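**Student:** Below, each chain spelled out in residue letters.
There are 2 protein chains.
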Amino acid sequence: MAAKPKSRMELIASLAKRRGFVMPTSEIYGGIGSSYDYGPLGIEMKRKLADLWWREMVRKHENIVGVDTAIIYHPNTWVASGHVEGFTDPLIDCRQCKARFREDDLVERFAGGVKGADEPPLSADGKHIDPAHPAYALAPCPHCGTKGSLTAPRSFNLMFRTWIGPVEEAGEQVYLRPETAQGIYVDYPQVQTTARLKPPFGIAQIGKAFRNEITPGNFIFRTREFEQMEMQYFVKPGEEIEALHYWKDERHAFWRDACGIRDDNLRVYEHAPDELAHYATNAFDIEYRFPFGWDEFEGIHNRTDYDLRRHAQHSGKERDLQYFDDQTRERYLPYVVETSAGLNRGLLAILLDAYDEDEVEGNPRVVLRLDPKLAPITAGIFPLIKKDGLPELARKVYQDLHREFDVFYDESGNIGRRYRRQDEAGTPFCFTIDHRTLADQTVTIRDRDTLEQPERPKIDQLTNVLRDRLFAK
Amino acid sequence: MAAKPKSRMELIASLAKRRGFVMPTSEIYGGIGSSYDYGPLGIEMKRKLADLWWREMVRKHENIVGVDTAIIYHPNTWVASGHVEGFTDPLIDCRQCKARFREDDLVERFAGGVKGADEPPLSADGKHIDPAHPAYALAPCPHCGTKGSLTAPRSFNLMFRTWIGPVEEAGEQVYLRPETAQGIYVDYPQVQTTARLKPPFGIAQIGKAFRNEITPGNFIFRTREFEQMEMQYFVKPGEEIEALHYWKDERHAFWRDACGIRDDNLRVYEHAPDELAHYATNAFDIEYRFPFGWDEFEGIHNRTDYDLRRHAQHSGKERDLQYFDDQTRERYLPYVVETSAGLNRGLLAILLDAYDEDEVEGNPRVVLRLDPKLAPITAGIFPLIKKDGLPELARKVYQDLHREFDVFYDESGNIGRRYRRQDEAGTPFCFTIDHRTLADQTVTIRDRDTLEQPERPKIDQLTNVLRDRLFAK
Chain E
80 MAAKPKSRME LIASLAKRRG FVMPTSEIYG GIGSSYDYGP LGIEMKRKLA
130 DLWWREMVRK HENIVGVDTA IIYHPNTWVA SGHVEGFTDP LIDCRQCKAR
180 FREDDLVERF AGGVKGADEP PLSADGKHID PAHPAYALAP CPHCGTKGSL
230 TAPRSFNLMF RTWIGPVEEA GEQVYLRPET AQGIYVDYPQ VQTTARLKPP
280 FGIAQIGKAF RNEITPGNFI FRTREFEQME MQYFVKPGEE IEALHYWKDE
330 RHAFWRDACG IRDDNLRVYE HAPDELAHYA TNAFDIEYRF PFGWDEFEGI
380 HNRTDYDLRR HAQHSGKERD LQYFDDQTRE RYLPYVVETS AGLNRGLLAI
430 LLDAYDEDEV EGNPRVVLRL DPKLAPITAG IFPLIKKDGL PELARKVYQD
480 LHREFDVFYD ESGNIGRRYR RQDEAGTPFC FTIDHRTLAD QTVTIRDRDT
530 LEQPERPKID QLTNVLRDRL FAK
Chain S
80 MAAKPKSRME LIASLAKRRG FVMPTSEIYG GIGSSYDYGP LGIEMKRKLA
130 DLWWREMVRK HENIVGVDTA IIYHPNTWVA SGHVEGFTDP LIDCRQCKAR
180 FREDDLVERF AGGVKGADEP PLSADGKHID PAHPAYALAP CPHCGTKGSL
230 TAPRSFNLMF RTWIGPVEEA GEQVYLRPET AQGIYVDYPQ VQTTARLKPP
280 FGIAQIGKAF RNEITPGNFI FRTREFEQME MQYFVKPGEE IEALHYWKDE
330 RHAFWRDACG IRDDNLRVYE HAPDELAHYA TNAFDIEYRF PFGWDEFEGI
380 HNRTDYDLRR HAQHSGKERD LQYFDDQTRE RYLPYVVETS AGLNRGLLAI
430 LLDAYDEDEV EGNPRVVLRL DPKLAPITAG IFPLIKKDGL PELARKVYQD
480 LHREFDVFYD ESGNIGRRYR RQDEAGTPFC FTIDHRTLAD QTVTIRDRDT
530 LEQPERPKID QLTNVLRDRL FAK
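In the order they appear, the protein sequences are chains E and S. Residue 423 in our numbering sits at position 344 of the first sequence, and the numbers go up by one each step. Residue 285 in our numbering sits at position 206 of the second sequence, and the numbers go up by one each step.
Quick caveat, the hints were computed from the structure, so don't treat them as lab data. One or more of the hints may lead you astray.
Identical copies carry no separate label here, and so any pair may be met within one copy or between two of them.
As the list claims (entries may be wrong) - Restricting the straight-line Cα-Cα distance to at most 25 Å, the calculated cross-link-like pairs of lysine-lysine (DSS-like) are:
#, residue 1, residue 2
1, K85, K287
2, K206, K139
3, K139, K537
4, K226, K127
5, K465, K537
6, K287, K315
7, K127, K452
8, K475, K277
9, K465, K475
10, K466, K277
11, K96, K396
12, K465, K277
13, K177, K226
No experiment lies behind these values; they were computed from the predicted model shown.
Just chain E, same shape as in the assembly:
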C-alpha cells in the first residue's frame, strides 16, 4: 500500500523537527498538546523576524517607541477591557460520558439534521444550538452516542487564571495576558509623557500572550502560548481612517518586500460589519494562503477610543488618559489604530512560502528559499576536503566572520551532502575553501537558489560580500 502523500504542513512540521526549527514541548514526557519549542535554527529565525519588525516599526519611525509590559497585569485591566465578561467560548458537555464540545462544532455537525427529527436543533439564524428545540432531545453525543445527553451551551473564559500569593484562597486572582495590547493602553499616559510624544504616535511591543484555546492546532498556527508583535498608534479623533489605510499598506508591504512572501500567497481582507470584534469599527486582516486555506496572521484594526474610554471609566483616571495639546489647548481621548501580528504565524507563513523541492544533478533536493536576512545561518563555511591544510584555513575564515554574521563551519561528509544540509536550513550562501584558496586566497560562493558559483572573492572581501547581500533588498 503506498503511503499517503504528505501535505505541505506535514512536510514543514517534519522538516522543522528534523532540522531543529520547531519541536513539540517536553517530548520526553509525551509533550503537551499544541505546544512547541524552538530549536537552534528556529530561535535564530524567530529572533531575526522579531528584530526586522522592531527595526521597521520602532527604529525607522521617529514617532514610535517600544515598551515591554509584564505578562500579569492588574486584574482590573481585564474587567475594563471586557475580557473577564466576554472573552469566552460556548461549550457543551455530555452528561453521560463527560466529553466536551465547542458549540460551533456541534452546530456544524447537526446542521444537516438529526435522526428522527424534522429540523436541526438550531436557532433561527442557524448559528447556535437551541437547547429548547425538540430535536435537541434526539441529538446524539458525538463521542458516546447517547441521545439527549448534551447540555445547553455554557460560556467558558479563555484566559489562564493563577494567583499571586502563596495559597489560592488567600491570594489575588490574576490572569496571564491574552493579548499584549491592553498593557500598552494602561501605560500610555506615562509613555507619552516620559517620551514627550504628540499624536500621531505609536507604542510597540513584542511579547508572549496566552489563551486557553479549546481547539488549538495546525502546527504553530494556533497554540495556547504565542507571541505577538503589536503597535498601537494613537491619533487625534478623525484621523483614524487615514492611519488605518496607511498602516494596512505598510504592513502588507513588510511581509511582501522585507520578508519575501510571494504576492499571490498574500491578500488583504476587509472585515464585513457583522464580522467585527466588539472593540473595532473597521478591520483589515493580512492573510496567507495556508495549506488549510486563507487565514490571518496580522490584523490592522480601528479600535476607536473604546479601550481608553473603558480604562478611563474603570480606573477613575479619566483626565490622565486624555491627551492635552498645549498648542491648541484641546484635551481629548485619542483614537487607536493597531497593527497586531502573530510572530509564530508569520514565521509559519514564511517557512511554508519558502519550502521547495527540486532536483540537483538528478537527485531530489529540499530547499528553504528564505530571504537572506531571515535565514538562521547566513553562510556555511566548508573546507573542500579534510586535509592539505584546508580545514585550518576554513576555520580561520569562520573566525573572521562569526562575530558579525551567523556562519556555520562544517567539514563532515562530502561537499554535496554539506550543501544539501544547508539547503534544508535555508542557508543562502556557502563558501568553500579549496586548493586554489591556498594559492590565491579566493573562495567559491555557492548560491542556494541559482546553484551557481559565479565569482571567487578573496577571503578578506567576505565581510563586504555578506554585508552587500544582506542589505541588498
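Mind docking chain S on chain E? Use the hints.
**Tutor:** Then chain S, alone, in the frame of chain E:
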C-alpha cells in the same frame, strides 16, 4: 524638617520612572506589588544587554546553540526536577488575625527571646521555629500581638499554578516555569541530535520565569516575573570542574569588560558546602555591591548529572538522555555546568553602576555613564537653534543614521537643556548642527563623560564615527 536624603536605589527608581526606563505595572489601577514594565528607554537597554549576551554566548562559540522553550512545560518536568516537592517556603499563619509570615523572618524576630520565656522558641541549630518549644506559646503575632496564635511552619510551593483546558476540575494542572533550565534539559537529546553537537557543547536560552515569591522587593532585583539568560554546558563526566572555572571567569569578564561594570563593585563568591542547592556540588555567584549589600545576579553551578538523571528516571527515556560517542563507543549521561544570569538584575547593576551626579558649569547634573553599546540612545541629533535651515539639515542627519543606529532628534528647548536630558538617558554622544555646518558640513560631537567637543567630523563621516565608537571596546 529636611527631607531624608534619597538612597541610591531610590534615586535610580525615580530616574527610571521619570525617564521611562522602568515603571510600575498597571499603575492607573494602583499597580501590582513588585511588578514592573519597561518603558521606551528601558526596553532598548534590555534588548541591547540581551543581544550582547546572545552574541557573546551563542554567536562567538561554535559549540553553543540557542533554543526557546515554552513557558508551560509538561508538569512531570517539575516532579522530576524536585520543584513540586521541594520548591517551597515555610510559612506561619496567625490563627487570630490571619496574617502570614515567612519562617525565617520570625526566626530573626524571636532569636533575641520572647517575653516571659527563658529561651527563644527555636530549634537547636537556631535556624528554625520549634513549634513544640514551650516558649512558642508565649510568642506574640507580630501583626495583632496575640500570644500563642501562631501555627507551626507549613511549606508552600512557589510555583504559579494554572490549568490547561476550559474548567479547572477537568483541566490538566500545569505550572509557569520557575526557571528556564529544565526546558533545556528536557529538550537536550533533540537539540544535540539535530545540531549534531558533541560534548562539550552548550544550549542557551533567554526567557521569562515566574516565582510566587513571598517577599519580593528591592525594585527590579526580586520580582515574581523575571527574565533569565541561561547557558547549560554539557560535558563528559570528569570535565565539569575545568568547565566550571572557565565559565566563572568568562562570565565575570563579560560583566566587567563587555558591560563596563566597575571591578570594585563586582566579586565572585564561592558557595560553602552548606550553602549549596540540592542539585549542585560546586557553585560560584557573581555578585554586585547593591545598595542593600553584596548580592548575586549570576550563578555558575556544577549541577552534575543530577537533572538529567532525574529526567531519565521519570520519563523512562534513560537511553535517549545518554550521549553516545561514536568514536570511542562510550555511552554516558553528561554532566552539566550552568551559567544562569538575571537579565533584570544585570540591568539594575549596570544602571546603579552608571549613575553619577556631578556639576556642569556650576549646575548639578545627573548622568548615566553607560557603555555606548548598552545606552538606549547612541546619539542625540540637535539643530543649535530652530531656524536658519538648521532643523532641516539636522533632520537629514537623523534620516541618514536612524536605520542603523538608535538616534534621537530633538529641537526643543535650549541646547544645554537638551544635553542634560540625554545625560540622564545615558546617551554617550550628541551631534549638534550649527551655522558652521551650513558652510563646511561639519558637526560638533559632544562627549557625555568628558564634556569635550574635540573634533568636527563631516556629516558623511558620522556612520563611521559611530561604528568606531560602538565597537571600540
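**Student:** Are the hints correct? Go through all of them and say.
**Tutor:** Consistency of the hints with the structure:
In this assembly of identical chains, the alpha carbons of K85 and K287 never lie at most 25 Å apart, being 31 Å within a copy and 36 Å across copies at closest. In the homo-oligomer, the alpha carbons of K206 and K139 never lie at most 25 Å apart, since the shortest distance is 45 Å inside one protomer and 57 Å across protomers. In this homomeric assembly, K139 and K537 come within 25 Å of each other (Cα to Cα) only across copies, at 23 Å, whereas the closest approach inside a single copy is 34 Å. Taking the shortest alpha-carbon separations for K226 and K127, neither the intra-copy value of 53 Å nor the inter-copy value of 61 Å comes in at or below 25 Å.
When the C-alpha separation of K465 and K537 is checked against a cutoff of 25 Å, the pair qualifies only within one copy, where the shortest distance is 21 Å, while the shortest distance between copies is 49 Å. Taking CA atoms no more than 25 Å apart as the test, K287 paired with K315 passes in neither setting, with 29 Å inside one copy and 36 Å between copies. With identical chains, the CA atoms of K127 and K452 are at most 25 Å apart both within one copy (7 Å) and between copies (19 Å). When the C-alpha separation of K475 and K277 is checked against a cutoff of 25 Å, the pair qualifies only between copies, where the shortest distance is 21 Å, while the shortest distance within a copy is 51 Å.
Taking the shortest alpha-carbon separations for K465 and K475, only the intra-copy value of 14 Å comes in at or below 25 Å, while the best inter-copy value is 52 Å. In this homomeric assembly, K466 and K277 come within 25 Å of each other (Cα to Cα) only across copies, at 21 Å, whereas the closest approach inside a single copy is 64 Å. In the homo-oligomer, the alpha carbons of K96 and K396 lie at most 25 Å apart only across protomers (19 Å), although the nearest pairing inside one protomer, at 49 Å, exceeds that limit. Taking CA atoms no more than 25 Å apart as the test, K465 paired with K277 passes between copies only; the shortest distance there is 18 Å, against 62 Å inside one copy.
In the homo-oligomer, the alpha carbons of K177 and K226 lie at most 25 Å apart inside one protomer (14 Å), although the nearest pairing across protomers, at 51 Å, exceeds that limit.
Violation of the numbered hints given earlier is confined to hints 1, 2, 4, 6; the remaining hints are satisfied by the structure.
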